[in-house]
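S.K.: What follows is the residue order along each chain.
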Amino acid sequence: MSKKDCLKTLQQICDELSEDINSSLCQEIQEHLKNCPKCCAHVDSIRKVVYLYKHREKSDVPQCVDERLWKVLNLQKPE
Amino acid sequence: MEISEKELIRRAKNGDRLAQSEIVKTYEKMVYNLGLKLLGNEDAAEGVLQETFLKVLQALPNFQEKSQLSTWIYRIATNQALMRLRVKKRRQQTFERNIEDEDKDYSNFVRSLGKDPLGDLLNEELKQKMDIAIKKLPENYRTTFVLKDIEGLSLKEIAEMLDVSIPAVKSNLHRARIVLRNKLAEMWN
Chain A
1 MSKKDCLKTL QQICDELSED INSSLCQEIQ EHLKNCPKCC AHVDSIRKVV
51 YLYKHREKSD VPQCVDERLW KVLNLQKPE
Chain B
1 MEISEKELIR RAKNGDRLAQ SEIVKTYEKM VYNLGLKLLG NEDAAEGVLQ
51 ETFLKVLQAL PNFQEKSQLS TWIYRIATNQ ALMRLRVKKR RQQTFERNIE
101 DEDKDYSNFV RSLGKDPLGD LLNEELKQKM DIAIKKLPEN YRTTFVLKDI
151 EGLSLKEIAE MLDVSIPAVK SNLHRARIVL RNKLAEMWN
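Chains A and B are the protein sequences, given in the same order. Numbered by our numbering, the letters in the first sequence go through residues 1 to 79 in order. Numbered by our numbering, the letters in the second sequence go through residues 1 to 189 in order.
Simulated from the structure, these hints should not be mistaken for laboratory data. On a predicted model such as this, the values are computed, not experimentally measured, just so you know. Where a beta carbon is used, it is the ideal one built from N, C-alpha and C, also for glycine. Hints are supplied without guarantee of correctness; some may be wrong.
Said to hold, decoys possible - Straight-line alpha carbon distances no greater than 27 Å define the calculated DSSO-like cross-link-like pairs of lysine-lysine that follow: (1) Lys38(A) / Lys55(B); (2) Lys58(A) / Lys127(B); (3) Lys13(B) / Lys71(A); (4) Lys55(B) / Lys25(B); (5) Lys54(A) / Lys13(B).
As the list claims (entries may be wrong) - Covered by chain A, per the in silico footprint, the following chain B stretches (three or more residues, Cβ under 8 Å): (6) 64–77; (7) 157–164; (8) 180–186.
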């Protein structure tokens, strides 16, 4: 994990904890992460999973679902 | 000729069917995907899609335009999905017992995902596994995860929408992320 990623992750952790990034709690977390590869991997894995889901492309509306929607709304789909 | 959103809304409010259709066409994919993610199944997502736009067309004359049209529609869709969840309201407490005793090392999983997460998303197998994993999440976890981590709502907004405390939102979010990570790691390795 790069330093920039670490800082971003720490900011997220602190946000979740409703703490300022400079608070003593966040500083403690930062110190711990520096020296604990296991916790780093834990945080990094969570961060990657969140990233993957956030950037997962949206599914198209299936054609049959789309057709039923326009029928229910009694509207004509524009070209 | 392209018309502005303001003009589109004005026309739709006045009953212009073409303008109303343009609004539906623009936002149907967003609404369907939100329903799909929050409810985890296609039939329910279709229900949310239809209910949302019926409501949108009905409420459009009263739309105050204090927010963007997309935000307003998004809110209606979220509320429709949450109403469906409340009706269902299943509690899966037994699930939670298995989460806290996690003491595994996830370095391998992190490495296997590679250094290019966007590239990973081109992997169809991974996408399928992601869909399975999120579908299997208990509803209260999935709702919180989708609203916070995918849709970017604040903890306070989510607490208000779900009618739970902020610590409960944090707890569900934490658990949701861990369960998802564990499921993905388990399927991936």
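S.K.: What are the numbers of the hints that this structure violates, sorted from low to high?
M.R.: Violated hints: 1, 5, 6, 7; rest satisfied.
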